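Enquirer: For our numbering, add 311 to where a residue sits in the sequence shown, where the first one is 1.
In case anyone wonders, no lab produced these hints; they're calculated from the structure.
All values derive from a computational prediction rather than experimental measurement.
Careful: at least some of the hints might be erroneous.
Below, a list of computed lysine-lysine pairs in the DSSO-like style, where the Cα atoms sit at most 30 angstroms apart [stated by the list, open to error]:
no.: 1; residue 1: LYS560; residue 2: LYS624
no.: 2; residue 1: LYS549; residue 2: LYS560
no.: 3; residue 1: LYS352; residue 2: LYS549
no.: 4; residue 1: LYS343; residue 2: LYS444
no.: 5; residue 1: LYS401; residue 2: LYS444
no.: 6; residue 1: LYS545; residue 2: LYS352
no.: 7; residue 1: LYS545; residue 2: LYS560
no.: 8; residue 1: LYS444; residue 2: LYS560
no.: 9; residue 1: LYS624; residue 2: LYS401
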Amino acid sequence: MIRYTSRNEYLGSQPVLVLENLVTGTMVRIAKRGATLLSYKIFDHRDMIDIADGYRDESELLAFTGSRFAIMFPFANRIGDAEYIFNGSKYNLVQSANREERSIRHGFVRDADFEILSVQQNISNISATFACKNIHPELFHGYPFSVGIRVTYTLHDLGLDLEIEMHNHGDQSAPCFAGWHPYFKLDDSGIDQWSLRVPANNRIVCDDFRIPLMGSNAYARVDLDPTFDFRNTKDISKTVLDVAYANLKPDVDGLIRTRIEDPTGRRALNVWQQSGVMMVFTGDNLEHGVRRSIALEPMEALPNAFNRADSCKSITLLSGATRIFRCGVEVLLT
Numbered sequence: 312m313i314r315y316t317s318r319n320e321y322l323g324s325q326p327v328l329v330l331e332n333l334v335t336g337t338m339v340r341i342a343k344r345g346a347t348l349l350s351y352k353i354f355d356h357r358d359m360i361d362i363a364d365g366y367r368d369e370s371e372l373l374a375f376t377g378s379r380f381a382i383m384f385p386f387a388n389r390i391g392d393a394e395y396i397f398n399g400s401k402y403n404l405v406q407s408a409n410r411e412e413r414s415i416r417h418g419f420v421r422d423a424d425f426e427i428l429s430v431q432q433n434i435s436n437i438s439a440t441f442a443c444k445n446i447h448p449e450l451f452h453g454y455p456f457s458v459g460i461r462v463t464y465t466l467h468d469l470g471l472d473l474e475i476e477m478h479n480h481g482d483q484s485a486p487c488f489a490g491w492h493p494y495f496k497l498d499d500s501g502i503d504q505w506s507l508r509v510p511a512n513n514r515i516v517c518d519d520f521r522i523p524l525m526g527s528n529a530y531a532r533v534d535l536d537p538t539f540d541f542r543n544t545k546d547i548s549k550t551v552l553d554v555a556y557a558n559l560k561p562d563v564d565g566l567i568r569t570r571i572e573d574p575t576g577r578r579a580l581n582v583w584q585q586s587g588v589m590m591v592f593t594g595d596n597l598e599h600g601v602r603r604s605i606a607l608e609p610m611e612a613l614p615n616a617f618n619r620a621d622s623c624k625s626i627t628l629l630s631g632a633t634r635i636f637r638c639g640v641e642v643l644l645t
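Take the sequences, apply the hints, and build the full model.
Expert: As structure tokens, this is what we get:
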């Protein structure tokens, strides 16, 4: 019996790949534009629900407002004043001198068209690999490096795995790191009804431009401010969060899990990662869909990592080298 299958469809004119479990009915839709997850549908007690708060039509996808399910590369979140120093050279990512116009975030591949390299299936899962080679010295101002990524989604009975493989094609070291910007929902009640657990000892302290403070000043213990302490599962309620969490504690299997669950405890999900930081965003300043879902963003490194001495080693990719960032989702139903 064939358990998993794939097919091609469109969102307007945008190509979409569908991966489906024919036994459980679980289905994910991934656009080639940005390798962006659009939906993640599951059956729960005979009801099909979409736990992904993704783009609903072509215009939303092309605008990438809110960076919903964006693959963030070659950097995640913000770079301070759109400038950085790498290997002794200073780079400027935005030509405007206006501070408001110098906001840059989430990298360069959100609006890139990926190609599908392969779709592979067996009795236990189905995976699809998307590739983008659109980052090279002539293309992006202030980033004279040649790096490419492959993004592999793997659908299986317990959830969805994501692997971001980055490779330096150039003849010099390059600064780069990856992240994922998913928005999840458990139902249509909104996040105020849900509870959250983030296994973090520290939150990251930022300036007025959402750039982490330098050095150890960036790290604040969560036990000193109960507002940001979600080490034990508690209600989100009206809490406003746009916070990166660091010094994450893994479970016994080595995976770090951030968890949301509904008031009944019957429906929950974990966003897992092997390393890095977790950004939690309650979406209070979004143009639409305020607090209807929560962004749980696994990232390899802190925002503004290109400018941090404590991140230099982890974000440097040597010429010819490859690095992989892994994260994913576990769906929990009772």
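Enquirer: Which earlier hints turn out false for this structure, listed by number in ascending order?
Expert: When the structure is compared with the hints, only number 8 turns out to be violated.
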